[in-house]
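Keeping their order, the protein sequence lines are chains A and B.
Its first residue numbered 1, the first sequence is counted upward by one per residue in the working numbering.
Its first residue numbered 1, the second sequence is counted upward by one per residue in the working numbering.
Hint data in this document are derived by calculation from the structure and do not stem from the laboratory.
Be careful, since some hints might not be right.
Chain copies aren't distinguished; within one or between two, either way the pair holds.
Unchecked claim - In silico lysine-lysine, DSS-like type, Cα no more than 27 Å apart, as pairs:
| # | residue 1 | residue 2 |
| --- | --- | --- |
| 1 | K217 | K257 |
| 2 | K335 | K379 |
| 3 | K335 | K315 |
Residues per chain, in single letters:
Number of protein chains: 2
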Amino acid sequence: MTDTAVQQGEVNVDAALVRRLANTVRGLSIDGVQNANSGHPGLPLGAADFAVTLWYHFLRFNPQDPRWPNRDKFILSAGHGSMLLYSLLHLAGYNMPMDELKSFRQFGSSTPGHPESFMADGIEATTGPLGQGFANGIGMALADKLLAARVNTPGAELIDCFVYALVSDGDLMEGVAQEAASYAGQLGLGNVIYLYDDNSISLDGPTELSYQEDTAKKFEAMNWHTITVDGHDPVAVASAISASQRVTDKPSLILCKTIIGYGSPNKANSSGVHGSPLGDEELKLTKENLGISPEAFHVPDEDRDAWAARVTELKGGYDQWQAKLSAARSSNADKVALLDAFFARELPADLESKLPVFDPAKPVATRTAGKTALQALGKELPWLVGGSADLSVSTNAIVSDDKVLEGEFGGRHIFFGVREHGMGGIVNGLTQHGAFRGFGSTFLTFSDYMRGSVRLSALSEIPAVWVYTHDSIFLGEDGPTHQPVEHYAALRSIPNLSVIRPSDATETAYAWLAALEDRTHPTALLLTRQNLPVLDRSTDEFAPASGLRQGAYILRRERDSKLDGILIGTGSEVQLCVGAAQLLEKDGFSVRVVSMPCQEYFDKQPDSYREEVLPTSCKARVAVEAGVSLGWHKYVGFEGKVIACDRFGASAPASRIAQEFGFTTENVATRLRSLLK
Amino acid sequence: MTDTAVQQGEVNVDAALVRRLANTVRGLSIDGVQNANSGHPGLPLGAADFAVTLWYHFLRFNPQDPRWPNRDKFILSAGHGSMLLYSLLHLAGYNMPMDELKSFRQFGSSTPGHPESFMADGIEATTGPLGQGFANGIGMALADKLLAARVNTPGAELIDCFVYALVSDGDLMEGVAQEAASYAGQLGLGNVIYLYDDNSISLDGPTELSYQEDTAKKFEAMNWHTITVDGHDPVAVASAISASQRVTDKPSLILCKTIIGYGSPNKANSSGVHGSPLGDEELKLTKENLGISPEAFHVPDEDRDAWAARVTELKGGYDQWQAKLSAARSSNADKVALLDAFFARELPADLESKLPVFDPAKPVATRTAGKTALQALGKELPWLVGGSADLSVSTNAIVSDDKVLEGEFGGRHIFFGVREHGMGGIVNGLTQHGAFRGFGSTFLTFSDYMRGSVRLSALSEIPAVWVYTHDSIFLGEDGPTHQPVEHYAALRSIPNLSVIRPSDATETAYAWLAALEDRTHPTALLLTRQNLPVLDRSTDEFAPASGLRQGAYILRRERDSKLDGILIGTGSEVQLCVGAAQLLEKDGFSVRVVSMPCQEYFDKQPDSYREEVLPTSCKARVAVEAGVSLGWHKYVGFEGKVIACDRFGASAPASRIAQEFGFTTENVATRLRSLLK
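Chain A with its partners taken away, still in its complex shape:
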């Protein structure tokens, strides 16, 4: 051990027992991979000793109550080692039957190639895309800190759990992990203890090809506590975990030196063992070498007994916590009510009535309206927290002025720094934790930087809210590097993600409401930098903005029963459609304006509603959106037109850009008129 300050671990570790339990985990893991004829044996073989040390001696959980609020979380950030996690879940009594281990990587099993959080209890995060689990854990640890600041009282610490993760070389090379590590150090998250499977091998070969930095020193520079240990020595690992628990003002990284594929006589310490089954012969030799039964998926009775005893022991701690909670229900009723409310994340029935009302006489940017809406809703929803990647002054995604800072976790406004990807992973973890719903904001063009996390929010059905402002070429002078054009289509392409681009302040308020009403999917809100007119919905001219919930609605009805053409717009282009419809009316045409803030919502509507809004009989349609045309032919067909921006933007004032790129009322009218002749 490099850290001489480490005291003897407080936990009494029976190294032989841990090694035996670890070998059983190894056997299950390589059997699973071999049975599937696909998977990654190297990590489970290498990491089993320290992983079992953690699970058997430290991790606090109750498999009968897998969402226990004060459980320790364990994240397998190196998700390719999934059989390690599935094996541990099985042995620790979670709902992970042996048949599932035998169905590893098969259709319909709860044991996919990489862990998916919604597949089984005890899988805290969807991992595999490297670095994401690392960041998710920081988000969960932040959530626990935020929660503790709200519900703990001296003597009644309801939340004092840890977040553990197993991270790999690959995790640590990823920028998303480095961003999250930097921010975790910034916040001094002492409830983070990560174990690094430091085996000097990656897929392409030894890490000396690509990764030789001084990891401990690097993390210390980011305000982390680090210890280096032999990852195959349970006593040393336990001592390091204990020491890390005592460091309460810094996250900890334990560098566990291991041999990848440990136990495999011919493949250990080689990249060949990383991602391919051992093969029948080497599997046999490995089991012999480890001294475990040749029988497939074998668990010795004494292992079952040992795990059962540990789970019983943990149940004791769980019961104590429940007793503490019960006591607190009388002594600190308000705190416990808060705890319940946070994990319920209920929306008040009258939430819609709390939406702000905007004055049609005062044009306002939807980013600004978004702030008004967010703060109005935030007052009702104490579990709504979030922030920005160093752009809150610009995105206006500020739920309250109470800052989240090191040692100050009572706030709600999070300063993620210029770390979009880390923000994405942290917000995912924060939201998946269960007590909060998180949001993160940046400019729309920088959604690219965090796409890996946005995808996982959608895949894992995490109801995060991604607030993306400066949503078009009309941000103006900052130029094409900052002007999104492809991002509408790129975000819409992600399954399970709702992309909402509201057309004015009132729609923006409904967009926030809709995002929060959807409790199982993430939402991206695309908001303008520039001011937009506020449509006067009190008049007959414009329909109520609640139509946003249907994704598209008839914003402004055609003048008479004859429908000549339809203009479909989103966001700032809806005003152009309204203006064009008015122009065309002067020419005697009867034109409908459809506001389509959310294609995903609209596509889920019944056929009858979609037909009502966009009647098949009306082929004269023009869609207007200041981004690429990709995807719009679905709504306008071969016979319609799309006014789009199928190129990168330009640096200039917004009004000039609108002229140059054809986003004018006149051009919209001209294009539809050409279809009406």
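With chain A fixed as given, assemble chain B onto it according to the hints.
The following block gives chain B in isolation, referenced to the frame of chain A:
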């Protein structure tokens, strides 16, 4: 200075002169921002002293030959400080007239809000999206190392230049920069000298809100040399640059402590000066405070004289280099020929004839065919280099077995580590350097991790090649975290990027050829993990794969002159279309199969060609692609169908996935048959 080993700078610095020159740069910068009423005065004011020290005393360039191969490169990674760069280009004699400074951020100017590399000589990289310039510079430095290893001989070092960059807090917080930094340290790139504008202020306020790590220690842990200096002290800065030049086995980071908005009496050292014009009054006060003329866009004659003298001095060095080159043309003719060939990056006229031929009897994955094609082409094209984000064993994107390692720059196979975003930025820099064309590879799903760089390759017209394998749900057991579905549409949404998904080995070879033939746009190659049949193009049944160059072509013509329906497929789904057409023929239908590997190419074809392939009269069309349907209605209209995967995938063997998701010959036939009835 923290580094006591720093010797007295070799350069004789007149601090008063540098400060005067810097103040003129400050004046031009704040005038530009004020004139545009938009922009970022804080960085130019803060960084001018050290930037001018660098430009005036160190940077080797010739404004008359802006692409001089041995010039030092300067990258303004913190692109928001663009007026600093434009001002320096103007003063240093580049083709950057004063009128352009006065047209800052206006339509049609060469001075957009953030620097764009194609806008003017001397702008080495498009910057603004933070961290990208940092990574680009690493790519350029790597290119210089690769080039030096090829063309230098003892006594005739044709390439010995440096890459300098100005980086900010925001750059260093970004994961893409951290990844690139880690890899630069790994390679020991001693030709990198970055100056960090360490001003402790970011957009949202003081960096203590979000970024307090020990940057020097962190970079030292990544094998960088660091020095900390007062960024307003030209002598100290010069000494640090000289010291950094002497450290030849490590990249250098010079932490320049500065005051953001230096000189502004009321706004210096505040986030308010970061991104908003000073205002007329504060601008006036700032100029008074700095002791410079109140006149807008004023350059004193003595400044012009000083810069002219410096440029003349630099011309001497340039002439010496040209003399060395001339001498080498006789003494080392082969090396000089190589130098010329690298910067020409010409394709031999007979390159198509070098494409590999594949045996129709042997199914092969397109990732494997891609390797065969890459290596065949690579033999002809010595300037083609690249690698993988630790997945070369899987992506097979290996141009040669000669590795690029620290101190070994004669190779071509680059081990980027698990750093997709860093790889993207490095490949962009490597390619933009001019002597190489770079490629980078990973799994298609992880294109998300590097999208920021892919976008910039497209925006800046950098002809990089992005090789994305494991291109569909048919990668199988690794599951939804690794299975791309939205990525086809997401990549196609990017303007200027050609996305090619070849249907078999032969198309794959043409895809590589097409990618290389396009010298102004990046290309993404989407390749399978699984084996695919090799179509026998020697028969009448299948058209030649050269049709790929048109983006879509009639792969298999309908049976008779009557055209009943069209099946359109890409990649692995083309074989399903062929099978379905054969099935439907048995039912008496005459069905055309169109292979559409590249929508971008197809959309650029003349109307006549597009009409020939997809006749308007034939509305019975089914498009088949194992990704989201977004975008396909453009080719099938309201009346056609899309067989797609509008959800995340599943972990299972590929054959089972095909059954479950409807990607079978039978289903394709059934869907088209329903349109034919």
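Structure-based check of each hint:
Taking the shortest Cα distances, K217 and K257 sit within 27 Å of each other both inside one copy (16 Å) and across copies (23 Å). Proximity of K335 to K379 under the C-alpha cut-off of 27 Å is restricted to the intra-copy arrangement: shortest distance 18 Å within a copy versus 70 Å between copies. In this assembly of identical chains, K335 and K315 lie within 27 Å of each other by CA distance solely inside one copy; the values are 24 Å within and 74 Å between copies.
The structure meets every hint from the earlier list without exception.
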